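Here the sequence shown stands for residues 46 to 207, numbered as in this note's numbering.
Everything labelled a hint here was simulated from the structure, so no lab data went into it. Fair warning: this is a prediction, and the values are worked out from it, not measured in the lab. All C-beta atoms in this analysis are idealised placements derived from N, C-alpha and C, irrespective of residue type, glycine included. Honestly, I wouldn't trust all of these hints.
Claimed, not checked - Restraint ranges, calculated between C-beta atoms of paired labels, are given here: (1) Ile-71 - Ser-142: 28 to 36 Å; (2) Val-53 - Leu-84: 22 to 30 Å; (3) Ala-114 - Thr-140: 27 to 35 Å; (4) Gly-181 - Leu-91: 24 to 32 Å.
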Amino acid sequence: MKKLVIYVMALFLLGFSACMEQNRPIFRGAEVEFDFAVLTAPVGGLTFPRRTVANTVGETEFRVNFVSAHRAEDTFVDVEIDPEFTTAVEGVDFTLSDTRVRIPANESFGFVTVGIINTGAIGGFVDVTLKLVDTGDVIASPNFQRVQVRITRPAPPADPAG
């Protein structure tokens, strides 16, 4: 009798622990985000991170993550300079490699390069803020769509006569 109860209990447990349908949400959209924004804490008072570079580095590069199923064709995403948080002047302090980021077919990321122009020893700093823009069916992640580059410039040499 004791064995019968054990068998019935085992059968009962096995019967009710069988596969149950899982209703987990599945993301089916397409989003882009700056990898640097995902991995780095925002600057105090802002909602995005900052990379500080000297005006002598030549260039700095940011990876753009594609959060979606891979696609059979290239995906293009627009990037723009956010004037609200930018004090640098394009062509004077920096250049932008392209205003479109190409994410190759069957890949998960692309790159955008900011060229840093050596303005010499004039002191201070300027900021350039990049912003990913919704492009077609690809949306920019609201939390990780901006990154800022602070370009530092060394102080001019002291005037020996002064």
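Here is what the structure says about each hint:
{"no.": "1", "hint": "Ile-71 - Ser-142: 28 to 36 Å", "in the structure": "holds, 35 Å"}
{"no.": "2", "hint": "Val-53 - Leu-84: 22 to 30 Å", "in the structure": "violated, 55 Å"}
{"no.": "3", "hint": "Ala-114 - Thr-140: 27 to 35 Å", "in the structure": "holds, 34 Å"}
{"no.": "4", "hint": "Gly-181 - Leu-91: 24 to 32 Å", "in the structure": "holds, 28 Å"}
Checked against the numbered hints given earlier, the structure breaks only hint 2 and satisfies all the rest.
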